[in-house]
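Novice: Following the hints, complete the assembly by docking chain A onto the known chain B.
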Amino acid sequence: MSRPGNRRPECHKIDWHLPAISSSASAHSMNRDLFVLTYGALVAQLCKDYEKDEDVNNYLDKMGYGIGIRLVEDFLARSCVKKCHSYSEIADLIAQVAFKMYLGITPSVTRNESSRNEFSLILDKNPLVEFVEELPAGRSSLCYCNLLCGVIRGALEMIHLTADVTFLQDRLKGDKVTEIGITFLKKLEEKKCRRKK
Amino acid sequence: MSGSFYFPIVGHHDNPGFEIEFLPAEKVESKHDHHHFNQSIAHAALGLVDANRWLCNNMHLKTVDKFNEWFVSVLATADHVKFITLHDVRQDHGIKNLFSDVYELYIKLAMNLFYKPYSPIGSSTFDIKVQFLGKKHLLS
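Chains B and A, in that order, give the protein sequences. Residue numbers are given in our numbering: position 65 of the first sequence equals residue 65, and the series is strictly consecutive. Residue numbers are given in our numbering: position 20 of the second sequence equals residue 1020, and the series is strictly consecutive.
If we strip away everything but chain B, and leave its shape as in the complex, we get (with noise of 0.2 Å):
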């Protein structure tokens, strides 16, 4: 059944029907407190080791992205979505079904008018940041929560989709919400298909 190219996306849209409990929240569940303070004991400790704030959100992003592409695998199988027509659907689908799945929360999906590919999740709520009030002296420039910029930029490629992820606004920075920005880049080249050409 082919679409037409130029489909507008409120007409498209897709209702998850998701659970009030997600199925994989009692295949794996944590304690919330010892989550949260197991990645303040991480960025603590990557703050003693390095110190650039630069090097840092670089490595909380490197180790982000090897979370990710592993954790793709994982959404995929409970989750049970069906392919993605859109960019906007992808947004939508990562801020209504994987961090609802992930971190129980739901961050709005705001998208870029001047480009197609431009879109921001708002998190009004971070559970990550539970503990800690302000960032350090001395590490203003500290990206606490890089870590989910890794994930999504990594689980994104495991798709073939590259995509910029970064946070454009931090609560911890001053700024009123916290915002992650998501850049659909160009796809992939398949490069098996190429070969048999």
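Read the hints as simulated data drawn from the structure, not as lab findings. Heads up, some of the hints might be wrong.
Selected chain A positions facing chain B (in silico; Cβ < 10 Å) [unchecked claim]:
1) T1077
2) H1080
3) V1081
4) Y1103
5) Y1106
6) K1108
7) L1109
8) A1110
9) N1112
10) L1113
11) Y1118
12) G1122
13) S1123
Beta carbons: idealized from backbone N, C-alpha and C, even for Gly.
Specialist: Chain A only, in chain B's frame:
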């Protein structure tokens, strides 16, 4: 009925973690010489705190010492963090409430992995919140 209050938090190794003064409106001028005096009274009371903590079941030790007109009330936690109040008027109810609220704030701060345990508390949000609580419980 309002008096002046000196409120230090002393850490595990008897090191100072935090201190703040609550003065009523008519005594707002800073008393630098009294500051050292208050510190020495609080420090002298620490020995009594350690003696009294084994006699009391809960953390709130009430008034452990009296020096001239100053009373010393203490909340001592299980890991030897002491919340001390030097006060010149008896205000047990207000002080008890202040201790409970500041203790809750302290627990939340302690869960922050960037905060080195028992180190001096430099967080400005903590300072602002303690000032608010002090006004609410002690000076109203």
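Novice: Now tell me if each hint is right for this structure.
Specialist: Do the hints match the structure? See the list:
1. T1077: 18 Å, violated
2. H1080: With a minimum Cβ separation of about 22 Å from chain B (threshold 10 Å), the hint on H1080 of chain A is violated.
3. V1081: 17 Å, violated
4. Y1103: Given a least distance of 16 Å, the restraint on Y1103 of chain A is violated.
5. Y1106: Given a least distance of 12 Å, the restraint on Y1106 of chain A is violated.
6. K1108: 7 Å, holds
7. L1109: 8 Å, holds
8. A1110: Interface hint status for A1110 of chain A: holds (9 Å vs cutoff 10 Å).
9. N1112: With Cβ-Cβ at 5 Å, under 10 Å, it holds.
10. L1113: 4 Å, holds
11. Y1118: Result: violated, 16 Å to nearest chain B Cβ.
12. G1122: At about 7 Å, which falls below the 10 Å cut-off, the nearest Cβ of chain B leaves the hint on G1122 of chain A intact, so it holds.
13. S1123: 7 Å, holds
In summary, the numbered hints that this structure violates are 1, 2, 3, 4, 5 and 11.
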